[in-house]
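Enquirer: For the record, the sequence lines run as chains A and B.
Start counting the first sequence at 0; every next residue gets the next number (numbering that gives the first Met the number 0).
Start counting the second sequence at 0; every next residue gets the next number (numbering that gives the first Met the number 0).
Hints are not guaranteed to be accurate.
To be verified - Just some of the chain B residues that point at chain A, by a computed CB distance under 8 Å:
id, residue
1, Gly37
2, Gly120
3, Val124
4, Glu126
Stated by the list, open to error - DSS-like mimics (lysine-lysine), calculated; alpha carbons at most 30 Å apart, straight line:
id, chain 1, residue 1, chain 2, residue 2
5, A, Lys340, B, Lys109
6, A, Lys16, A, Lys75
7, B, Lys64, A, Lys348
These are calculated hints, taken from the structure and not from any lab test.
For every residue, glycine included, the Cβ atom is placed at its ideal position computed from N, Cα and C.
Listed below are the residues making up each chain.
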Amino acid sequence: MTERTPLHAEHVADGAKMVDFHGWDMPLHYGSQVEEHHAVRRGAGMFDVSHMTVVDVTGEGATAWLRWLLANDVGKLKAAPGRALYTAMLDSEGGILDDLIVYRRDGGWRLVVNSATRQDDLAWLETQRRKGVTVTERPELAMIAVQGPAALERSAAWLGSAAEAVAGLKPFGFVEDGDRFIARTGYTGEDGFEVILPGDGAAAAWQALRDADIAAAGLGARDTLRLEAGLNLYGQDMDRSVTPLESNLAWSVAFKPPERDFIGRAALERQREEGVPRVLVGLKLQARGVLRRGQRVLYDGQPVGELTSGAFSPTLGVGIGLARIDAGIETQELEVDIRGKSLPVARLKPPFVKRGEAA
Amino acid sequence: MSNIPAELRYASTHEWARLEEDGTVTVGITDHAQDALGDVVFVELPELEIDVQAGTEAGVVESVKAASDIYSPVSGTVIAVNDALEESPETVNEDPYGSGWFFRLRPSDKAELDELLDAEGYAEVAENDAH
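Chain A with its partners taken away, still in its complex shape (with noise of 0.2 Å):
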């Protein structure tokens, strides 16, 4: 039985495609997933992300315990509530279990992890939790991402009262507004936020925004703005073969200060000093042609790698993709095996698109 958000309705009435997302019935696109990438990069879209798993530690032991638990230090957000960071969380060898936000709330944290990794990243927290450290998973909250130059704009009458707080966020910032929590967090490379709220009141939300001019998009747009925008698939681009370092992630270890222990520090210190095997890099095609998942990477006709992510970039008009291959390999000119051929590809450090230019 595929699981529904309480957006399913609202997606359903606007036309649309429906696909099994890791057990949960999702839209893919509403018409054009191009069409939506665009709106999302120009002016205003919003996605239903009520899949996500949201999951909150409180009690007098849960900030030391996430100090323990995550890669990055949550300790730097000690200074007062409404900050968030984005972490790894790892196994004892540096292996990545999932990326996740945690937020600093007054008197808690808040967690908001995959959904593909719900249950896996549920019992790990139950097998790693000490004393005085509650965890509680929250199904009922719905969570909707509103991105793009005009989000905030075109959210204010929505937003009300809270308006002009968003508006004075950081990036990872965030305001509790009654029972909405607002975060200027996303996963597009654009301003914006996203606002975790109750179930019942969710279609409210939907509809309003979209009376606001904020087009509805998919789990297809989501995808080729995030790869635009150099963000890590989990399940695609990481999982628990490799770690951050070999992940274009490892800024988002915290290795100070150097008394803090976290799980998978030591295998990560390992291999910092021996080195990594392999590298997570962007890859552009210099042909046309579109870059796929599981295509070769090559070097003087030797295979030194692959994609673990690829689409035609919208933004562009051009094949773009991560790709993982050996870290002795220097140079900037690659090549990619598509249906056989051998065509050009430039490595280069991600992202691609930053603020709806090339970056």
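Please build the complex by placing chain B on the supplied structure of chain A, with the hints as guidance.
Expert: Only chain B this time, still in chain A's reference frame:
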């Protein structure tokens, strides 16, 4: 329900073929196919003057979702390709039976057209495909 013009012939692999007055055959993909693919972002067309066999690969259409081979519905020599698709592949979505055509053949055996599906036969294929 997708649009399936009665005057065309169809392959079960979702290409259409139209016999023109001058005896050539125009080929494209069906409305059902473009809808299933989603936004088309890249089309690879056959080279001019090559000979293609019925049911063999004659190009590739790539959408936001996947790459799919295009099979020629009949055998013949490629005499024209729709270069406009290089710049505007979305035409395949917008007008699959008109300006979204792929290539034109001089058929080597017109009788092959009779072996293709008619609109009714293809409607059944498309219907089964949707489930």
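Enquirer: Tell me if valine 124/B is really an interface residue toward chain A, meaning its C-beta lies closer than 8 Å to one of theirs.
Expert: 20 Å, violated
Enquirer: Just to be careful: measuring from the Cβ of glycine 120/B to every Cβ in chain A, is the smallest value less than 8 Å?
Expert: 26 Å, violated
Enquirer: Has the given pair, lysine 64/B with lysine 348/A, been kept, meaning a C-alpha gap of at most 30 Å?
Expert: Given that 30 Å is the threshold and the Cα spacing comes to 25 Å, the pair holds.
Enquirer: Does glycine 37/B hold up as a contact with chain A if the rule is Cβ-Cβ below 8 Å?
Expert: 6 Å, holds
Enquirer: Going straight from one Cα to the other, do lysine 16/A and lysine 75/A come out at no more than 30 Å?
Expert: Not satisfied, since the Cα-Cα distance of roughly 42 Å exceeds 30 Å.
Enquirer: Hold the hint about glutamate 126/B up to the distance rule: shortest CB distance to chain A must be less than 8 Å.
Expert: At about 17 Å, which exceeds the 8 Å cut-off, the nearest Cβ of chain A leaves the hint on glutamate 126/B violated.
Enquirer: Under the criterion that the straight-line Cα-Cα distance not exceed 30 Å, is the pair lysine 340/A, lysine 109/B satisfied?
Expert: 34 Å, violated
This entry does not satisfy hints 2, 3, 4, 5, 6, going by the numbered hints stated previously.
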